[in-house]
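Chains as they are written, first to last, in full-length UniProt numbering: chain A, 1 to 353; chain B, 1 to 258; chain C, 1 to 335.
The hints are simulated quantities; they were obtained by calculation from the structure and are not laboratory data. Ideal Cβ positions, reconstructed from N, Cα and C, are used throughout, including at glycine. Any given hint might turn out to be false.
Straight-line C-alpha distance at most 30 Å; calculated BS3-like pairs for lysine-lysine [as the list claims (entries may be wrong)]:
1. B:K139 <-> A:K21
2. A:K76 <-> B:K139
3. B:K144 <-> A:K21
4. A:K170 <-> B:K144
5. A:K76 <-> B:K18
6. B:K139 <-> B:K118
What follows is a set of in silico ranges between Cβ atoms, one per label pair, in the way DEER data are often shown [to be verified]:
7. A:A123 <-> C:T60: 40 to 46 Å
8. C:S266 <-> A:P231: 51 to 57 Å
9. C:Y134 <-> B:G9: 55 to 61 Å
10. C:L75 <-> B:K118: 47 to 53 Å
11. B:R61 <-> A:T116: 37 to 43 Å
12. A:G30 <-> C:S292: 54 to 60 Å
13. A:V103 <-> C:G318: 27 to 33 Å
14. C:V135 <-> A:A123: 52 to 58 Å
15. B:R61 <-> C:D168: 34 to 40 Å
16. A:A123 <-> C:A54: 36 to 42 Å
17. A:H117 <-> C:E296: 44 to 50 Å
18. C:T60 <-> A:A313: 35 to 41 Å
19. B:N206 <-> A:A16: 46 to 52 Å
Listed below, chain by chain, are the residues.
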Amino acid sequence: MSTAAVTDKRPSTLRAASLPKWTPWAIAAGSIALGLGISAAAGLDSKIQWALIAALLFILGTYGVAARVEGRRQAKDRVATSLVWVAFLLAVIPLVSLIWVTVARGVKVLDIHFLTHSMGIVADTEPGGGIYHAIIGSLEQVGLATLIGAPIGVLTAIYLVEYGRGKLAKAVTFFVDVMTGIPSIVAGLFILSLMLIFEMQPFGFAGSLALAILMMPVVVRSTEEMLKLVPNELREASLALGVPKWRTILKVVLPTSIGGITTGIMLAVARIAGETAPVLLLVFGNPFINNNPFEGAQASLPLYIYQQFANSAGSGAAYDRAWAASLTLIAFVMILNLVARGIARWKAPKTGR
Amino acid sequence: MAKRIDVSGLTAYYGSHKAIEDISMTVEPRSVTAFIGPSGCGKSTFLRTLNRMHEVTPGGRVEGKVLLDDEDLYGTGVDPVSVRREVGMVFQRPNPFPTMSIFDNVAAGLRLNGNYRKSELSDIVEKSLRGANLWNEVKDRLNKPGSGLSGGQQQRLCIARAIAVEPKVLLMDEPCSALDPISTLAIEDLIGELKERFTIVIVTHNMQQAARVSDRTAFFNLAAVGQPGRLIEIDDTERIFSNPSVQATEDYISGRFG
Amino acid sequence: MDISTTTDASPPTPPQHKPAERKRDARGATRPGDRIFLGLSRGSGILLLVIMAAIAGFLTYRAAIAIGKDHGNFLTTFEWNTNVQPPTFGIAVLAFGTIVSSVVAMALAVPVAVAIALFITHYAPRRMSGPVAYVIDLLAAVPSIVYGLWGALVLVPHMNGLFGWLNDFFGWTGLFSWEEGAPRSMLTVGILLAIMILPIITNVSREVFRQVPQMHEEAALALGATRWEVIRMSVLPFGRSGVISASMLGLGRALGETMAVATVLSPSFDIQASLLNPGGGTFAQNIASKFSEANEFGRDALIASGLILFVITLVVNGAARLIIARRAEYSGANA
Numbered sequence: 001m002s003t004a005a006v007t008d009k010r011p012s013t014l015r016a017a018s019l020p021k022w023t024p025w026a027i028a029a030g031s032i033a034l035g036l037g038i039s040a041a042a043g044l045d046s047k048i049q050w051a052l053i054a055a056l057l058f059i060l061g062t063y064g065v066a067a068r069v070e071g072r073r074q075a076k077d078r079v080a081t082s083l084v085w086v087a088f089l090l091a092v093i094p095l096v097s098l099i100w101v102t103v104a105r106g107v108k109v110l111d112i113h114f115l116t117h118s119m120g121i122v123a124d125t126e127p128g129g130g131i132y133h134a135i136i137g138s139l140e141q142v143g144l145a146t147l148i149g150a151p152i153g154v155l156t157a158i159y160l161v162e163y164g165r166g167k168l169a170k171a172v173t174f175f176v177d178v179m180t181g182i183p184s185i186v187a188g189l190f191i192l193s194l195m196l197i198f199e200m201q202p203f204g205f206a207g208s209l210a211l212a213i214l215m216m217p218v219v220v221r222s223t224e225e226m227l228k229l230v231p232n233e234l235r236e237a238s239l240a241l242g243v244p245k246w247r248t249i250l251k252v253v254l255p256t257s258i259g260g261i262t263t264g265i266m267l268a269v270a271r272i273a274g275e276t277a278p279v280l281l282l283v284f285g286n287p288f289i290n291n292n293p294f295e296g297a298q299a300s301l302p303l304y305i306y307q308q309f310a311n312s313a314g315s316g317a318a319y320d321r322a323w324a325a326s327l328t329l330i331a332f333v334m335i336l337n338l339v340a341r342g343i344a345r346w347k348a349p350k351t352g353r
Numbered sequence: 001m002a003k004r005i006d007v008s009g010l011t012a013y014y015g016s017h018k019a020i021e022d023i024s025m026t027v028e029p030r031s032v033t034a035f036i037g038p039s040g041c042g043k044s045t046f047l048r049t050l051n052r053m054h055e056v057t058p059g060g061r062v063e064g065k066v067l068l069d070d071e072d073l074y075g076t077g078v079d080p081v082s083v084r085r086e087v088g089m090v091f092q093r094p095n096p097f098p099t100m101s102i103f104d105n106v107a108a109g110l111r112l113n114g115n116y117r118k119s120e121l122s123d124i125v126e127k128s129l130r131g132a133n134l135w136n137e138v139k140d141r142l143n144k145p146g147s148g149l150s151g152g153q154q155q156r157l158c159i160a161r162a163i164a165v166e167p168k169v170l171l172m173d174e175p176c177s178a179l180d181p182i183s184t185l186a187i188e189d190l191i192g193e194l195k196e197r198f199t200i201v202i203v204t205h206n207m208q209q210a211a212r213v214s215d216r217t218a219f220f221n222l223a224a225v226g227q228p229g230r231l232i233e234i235d236d237t238e239r240i241f242s243n244p245s246v247q248a249t250e251d252y253i254s255g256r257f258g
Numbered sequence: 001m002d003i004s005t006t007t008d009a010s011p012p013t014p015p016q017h018k019p020a021e022r023k024r025d026a027r028g029a030t031r032p033g034d035r036i037f038l039g040l041s042r043g044s045g046i047l048l049l050v051i052m053a054a055i056a057g058f059l060t061y062r063a064a065i066a067i068g069k070d071h072g073n074f075l076t077t078f079e080w081n082t083n084v085q086p087p088t089f090g091i092a093v094l095a096f097g098t099i100v101s102s103v104v105a106m107a108l109a110v111p112v113a114v115a116i117a118l119f120i121t122h123y124a125p126r127r128m129s130g131p132v133a134y135v136i137d138l139l140a141a142v143p144s145i146v147y148g149l150w151g152a153l154v155l156v157p158h159m160n161g162l163f164g165w166l167n168d169f170f171g172w173t174g175l176f177s178w179e180e181g182a183p184r185s186m187l188t189v190g191i192l193l194a195i196m197i198l199p200i201i202t203n204v205s206r207e208v209f210r211q212v213p214q215m216h217e218e219a220a221l222a223l224g225a226t227r228w229e230v231i232r233m234s235v236l237p238f239g240r241s242g243v244i245s246a247s248m249l250g251l252g253r254a255l256g257e258t259m260a261v262a263t264v265l266s267p268s269f270d271i272q273a274s275l276l277n278p279g280g281g282t283f284a285q286n287i288a289s290k291f292s293e294a295n296e297f298g299r300d301a302l303i304a305s306g307l308i309l310f311v312i313t314l315v316v317n318g319a320a321r322l323i324i325a326r327r328a329e330y331s332g333a334n335a
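Put together the whole structure using the sequences plus the hints.
Dropping the structure here:
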């Protein structure tokens, strides 16, 4: 049946004038060209400027053309689409740049020597040295923080989901939320105030305490979410068999959600591993290897990056080390993330979704 | 204003899976046509091809023709958005917009399409709510959220929302399956009233319901699990339930399978 | 017809938020195992409360020591001299800088983040949305010090062009006038903070948008809504509280961000009316920068400023929770 025959009879209600599929590309090409032209004519040299002009032209052009041909509703729809795309592209630029620069500059000095040596007596402005001491410090501080923060977090979540009723649970829920918002430097200041009272010098474990505080609410939240996903029927089935509640939690609820809980803990570890501020206040930094987290200043990877950047008066060697340490830190965090996600996918409850 | 639907050679896919195959039928205007058949036979999929909702599902695609008074819904240049304005739909679970009030829910479709004055808008909302037999129950709380209503009321709210934009056809996908018997009865009464104005197609699992509300009944079946669903026969409801021409229909209706 | 009173089908609330009513009873614990387990888990919850109280208590205690000896007005003094006698310090500049940088960051980040979240859930080609979501997820984990390093060494040099341009066209507003100096100003800080919090806001918003029940979107589609109208009618209302809490999460990070500000800003203890002129400071940045040279009294003074930051984040969080609670009540869908 030919469409012409239909449209001859009476105006169609289903058919609307619509722009061909290549229209967005054409408008994009046109606005980029125009943007470049305007920038060149006005003598603007910043890439950011011509990109902004082109983006603006693209959106206005889309609206204008679509409104004329397809009507206002379609035009709005198209503008929304182009805004979403433009936002995506704009945001991708800095994020890609961040990763690119870190990798490109980081590999310069990143080698076995760098990973296995401390700074020792190498001056901050000189080449050489490494991050071994910082890796040790980071591992110890983060490890201790996890030993403290993870169990408390998981238990609190169990309390909230499995037992929590009444005022106490409400208060805990509220303050977990509040705690999530504590800036890391405030957690550092809290431990610092204790250290001032007891007249203590900086040491690794003090940093761990602050990191544990930062970790707890994150673990509580993620564990809570995971426990809530366990269907109530499972619990009831177990309870109905006469299994005591605590064994139901240990044998039914936790195993069902263990994948998600592990993922949550690992993501929390990844988060605190990159914290600088509390470590700066409490652990202070140290160019030498200090294996004892309970006495004396230690280094840590994020702190090392900051100190290489800040104390080196623009020395290229120090910047290189900072980038290399950044790359190491990112790699560590990313591996944790990837493994955590792997676990989550592998252990995910097999529900149709 | 109700329109006739003419389907010919319609096949629908989910990705590479063929869900229904080669369906042809005619749905008369101002009548109720019921789709019955065992689970998975593709009756809901078929219903969703009638207002191009099938293609919203990832991987969903359709071959064949659906003519709405001679105009092909799948013709080139046809805007699915306009199709859905002409062919309204009511879903299995009542789905009022949770953040909108009862009034706004009914007015939602109207507001999309232009500029109604406030008085016009409230006239249409009242008319639609009356049309859905809901007005008396909600007239004092039009500004309350629609999600506060009972399930049956929510479903009638959804019907009011659908008929407010004056579609030509109303598709109902098991509209009563989430409701209790009394609410179901209310919806069935409503369907009887609505067919004066609309072409109605209803998918139902409940054969008594099909017998009660529909003028014509289409029976769908599938040869085996994984095979595409097919239209076995369509006829006047009375005949389908008393003297169907295909054995499978009789077996299904008399409860021998399904 | 009195259907309303007899029908009792549950309203269509999404199941993931409130998994039914929990009929479990804490007092039902009588076995030793139950009692120990309940004790442990409740103890952890209480410990969390104790920690929060301790943070507030000890910070206040040390802050009181410092403020008691402050020769200036703690709230209004434009100075931070804690190593001299008599010590004079105040948080006016820090409060101003913290708020300005966070506002800039939010203004830039929230719309873009919501757009990217929509891009992933509703616009991107299906093959693209998965990887994009994944990468942005990972970017949320990049440590702030790395953002700081990148900001100082890569972003700052690239800001010269934008600053010049803003100064040329919008300099007359005063807000965008640029006198001299490297572009290490509040605007740069705001932009860097925006880039930092973008992944977090995007991720949370994306999750919320993804959870919009299919049936709500289909309701809009079946009325003949365009894609944008579906988003406006179904997705955004459903996701609003989620976006707000995501933004508050981002705001919390922006307010308390230390290293990224410390590396990018060139601080001074005054208030700049223009976003482009270097100067000013934030609470967190000031603590990090002044810490190493501070004596014990100086550290108490920094703790005092930290207390204010703590209070601000508490207020922001509380406000976010209130907003969310109110929305949830109305929508009936987002507990």
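Hint check results:
{"no.": "1", "hint": "B:K139 <-> A:K21", "verdict": "46 Å, violated"}
{"no.": "2", "hint": "A:K76 <-> B:K139", "verdict": "34 Å, violated"}
{"no.": "3", "hint": "B:K144 <-> A:K21", "verdict": "43 Å, violated"}
{"no.": "4", "hint": "A:K170 <-> B:K144", "verdict": "28 Å, holds"}
{"no.": "5", "hint": "A:K76 <-> B:K18", "verdict": "36 Å, violated"}
{"no.": "6", "hint": "B:K139 <-> B:K118", "verdict": "17 Å, holds"}
{"no.": "7", "hint": "A:A123 <-> C:T60: 40 to 46 Å", "verdict": "42 Å, holds"}
{"no.": "8", "hint": "C:S266 <-> A:P231: 51 to 57 Å", "verdict": "56 Å, holds"}
{"no.": "9", "hint": "C:Y134 <-> B:G9: 55 to 61 Å", "verdict": "42 Å, violated"}
{"no.": "10", "hint": "C:L75 <-> B:K118: 47 to 53 Å", "verdict": "50 Å, holds"}
{"no.": "11", "hint": "B:R61 <-> A:T116: 37 to 43 Å", "verdict": "58 Å, violated"}
{"no.": "12", "hint": "A:G30 <-> C:S292: 54 to 60 Å", "verdict": "55 Å, holds"}
{"no.": "13", "hint": "A:V103 <-> C:G318: 27 to 33 Å", "verdict": "41 Å, violated"}
{"no.": "14", "hint": "C:V135 <-> A:A123: 52 to 58 Å", "verdict": "39 Å, violated"}
{"no.": "15", "hint": "B:R61 <-> C:D168: 34 to 40 Å", "verdict": "53 Å, violated"}
{"no.": "16", "hint": "A:A123 <-> C:A54: 36 to 42 Å", "verdict": "41 Å, holds"}
{"no.": "17", "hint": "A:H117 <-> C:E296: 44 to 50 Å", "verdict": "35 Å, violated"}
{"no.": "18", "hint": "C:T60 <-> A:A313: 35 to 41 Å", "verdict": "39 Å, holds"}
{"no.": "19", "hint": "B:N206 <-> A:A16: 46 to 52 Å", "verdict": "38 Å, violated"}
The structure fails hints 1, 2, 3, 5, 9, 11, 13, 14, 15, 17, 19 (numbered hints given earlier, in ascending order).
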